[in-house]
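Trainee: Chain by chain, the residues run as shown.
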Amino acid sequence: MATSSTNRRPRWLLVLILAAVILAGILVARFAVSLFSPHLYAGTVFQQSTPAPAMDGLLLDTGQPVNFGDFDDKIVLVYFGYTNCPDVCPTTLRDVAKALDLLGDDGDRVTLLMVSIDPERDELATTGEYVRFFDERFYGVAGAPEATTQVASQYGVFFQPSEVEADGTYEMDHTASLMGIDTNGDLRIVWPPAIEAQVLADDLKALLT
Amino acid sequence: MTANEKDSALGEELLGAQRVISGDAAGSDDVALSGDGVIASPDHGVAGRGDRLPVDLELGAREASGSFVDSAGDDPLNLVEIGVVRGDNHDGAGILDAGRAFAVDSVGTGDSLAVGSLIGDEVTGEGGVIQHREKGADEGDPLEPLHLDDGSDRLVIPLWLKVTASLIGVLIVAALAFVIVEPIQVLPRIGLAPGYALQDDSGELTTSEDARGALTLYTFMPADCDERCDDINATMAGLAARVPTEVKLDDISFQLVTIALDSPPKAELAAASDASGADGTNWRWVSGDQATLKTVVGAGFGRFFEFDEASGEVEFDPAYVLVDGWGVVRGEYRYQTIANDQDKIVSHVGILVDEVRYSDGAAGVAYEAAHLFLCYP
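If you read the sequences in order, they're chains A and B. Quick note: the first sequence uses this note's numbering, first residue 21, plus one each step. Quick note: the second sequence uses this note's numbering, first residue 1400, plus one each step.
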């Protein structure tokens, strides 16, 4: 037996189906955009391969020369500061440590080197102890004043002592940017001073993927 | 044409559509099918082309029967036929009237099914292939090929995959269009400009931090220079005059810095600055000791120079370097290239100003895309 009839659907049902299709299209489009849109870095990114300047004449607080290839496929953050720094250095180190915590397990794939721009007062071991107060994954770097000046300049960092106070103390004026070196040893990104931990974590996450 | 020939023609014609009619198979001998069929012809008086009708079939080990019914279960459609065709030449089965049993050894996965109508000599309807699918079983690999009767395979691509592939295609086309048309141009981020602290002609320290937030053009020459430097000074003076008038700077600062390579005393530096037409504010002359200059100019900016202290002569490589407000080198210009330095630099300052002005928010994504796709002038 065979039977059939014309298939007539009410108009409201067609409108409902059309609305559902449009809604599904919007959802799919949003998903696709979020999937393919690039991460907008807060820092300045270098597209072309730019080898990170060598840190000739400087030592890690482990006593070894600085060689970016020794960091086991980690992103290396470079910061120029000093242990008597009253404000921007501890703030930056705290925010970097917080960003690494926000990354969870991926935080272990990032390390930080703080190069002392106060070689007259900062000893290598002291610099290491200072940075590890903020995070055990950090390293201190120091060297002779001439080597420090040359390396800092290559990283776009200026520093000079400010006026000496009556008690003989002084501060250092310095560039407070944070640099990121990828696992190939290329300088990939420069963050402005006072970058927020969450923003830094987002950038690092994008760099790690 | 005999009835058998018509049946065979109908089966082949219907199978040409190769529409999948899915069902549930309890085993290789007994198959119960349910689902939607689609009438492919408008000429049977009741249903129209594209109308969807439920298919209700019971196919046994040695016989098959079925019906094509509308949703109300009445309103008979004449001459609807159901058949099962097996093998490459379709010898094993025929097309029978609805409701009639017909002989096949068994019906199972991969068998072809024809459902349709025969009106006069005209064949209408469609065919399909039974897919073996256990009740409640996983859908499996959506891209698993479907084996057709003619021995060929057909890939069934699900809708979600088609939509995703279409979106990817649109994005690729958009990216290609972006690269070809270059609606946004940017200057490359070449590297970090060096940090420095150099003295100006009044003895004040000028540092790289003073240039933060400003677009800065550097050039390098000795203060005590012969006619070799006239063109360089003319270019710097021309840029000092042209950029503020030809580029809409608004609140973005543009400055020029000449670094004297011969470590001149303050007075000589001031004289050279005056002779060049520098105003000491937007265009400054600075210098330092040779060790500092080697670090800043030689290693930092990557510009060759050699100072002979005995004779005071300087060998140098004339050049201009454009640095953005983040301390990143965005342009390097060797003196006396084919294109006019002034025109090129004015144009590039304009590009940088646009990037600074529009690089926030959604426009920032477009500018980053321009960097990603190397949309360089």
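FYI, nobody ran anything at the bench for these hints, they're computed from the structure. One or more of the hints may lead you astray.
Derived contacts from chain A toward chain B, CB cut-off under 7 Å, selection only [stated by the list, open to error]:
id, residue
1, L38
2, I46
3, Q67
4, S69
5, A74
6, Q84
7, N87
8, F88
9, F91
10, Q170
11, A172
12, S173
13, S182
14, V184
What you are looking at is a predicted structure, and each value in this text was computed from that prediction instead of being measured. Just so it is clear, CB atoms sit at the ideal spot from N, CA and C, and this is done for glycine as well.
Trainee: Please verify that hint: F91/A, Cβ, nearest Cβ of chain B, below 7 Å or not.
Mentor: Hint on F91/A: violated, closest Cβ of chain B at ~20 Å, above 7 Å.
Trainee: Against chain B, with CB atoms and a cut of 7 Å, does the hint on A172/A hold up?
Mentor: 6 Å, holds
Trainee: Holds or violated: is there a CB of chain B closer than 7 Å to the CB of I46/A?
Mentor: Since chain B brings no Cβ nearer than about 12 Å to I46/A, farther than 7 Å, the hint is violated.
Trainee: Double-check F88/A for me: the hint is only fine if its C-beta lies closer than 7 Å to a C-beta in chain B.
Mentor: 16 Å, violated
Trainee: Hint check: is the beta carbon of A74/A less than 7 Å from a beta carbon of chain B?
Mentor: Violated. Min distance 11 Å.
Trainee: Just to be careful: measuring from the Cβ of S69/A to every Cβ in chain B, is the smallest value less than 7 Å?
Mentor: 11 Å, violated
Trainee: Is the interface hint for L38/A satisfied, with its Cβ closer than 7 Å to some Cβ of chain B?
Mentor: With a closest approach of 16 Å, the L38/A hint is violated.
Trainee: Under the criterion of a CB-CB separation shorter than 7 Å, is Q170/A in contact with chain B as hinted?
Mentor: 5 Å, holds
Trainee: Answer holds if the nearest beta-carbon of chain B is closer than 7 Å to that of V184/A; otherwise answer violated.
Mentor: It is violated, given that the least Cβ distance between V184/A and chain B is near 16 Å, above 7 Å.
Trainee: The hint names Q84/A as touching chain B; please verify it with the least Cβ-Cβ distance against 7 Å.
Mentor: This interface hint is violated because 23 Å lies over the 7 Å limit.
Trainee: Would the hint on S173/A stand, with a C-beta cut-off of 7 Å toward chain B?
Mentor: 4 Å, holds
Trainee: Holds or violated: N87/A as interface residue toward chain B, Cβ cutoff 7 Å?
Mentor: Cβ of N87/A sits 19 Å from chain B, so the hint is violated.
Going down the numbered hints, you'll see the structure goes against 1, 2, 4, 5, 6, 7, 8, 9, 13 and 14, while the others check out.
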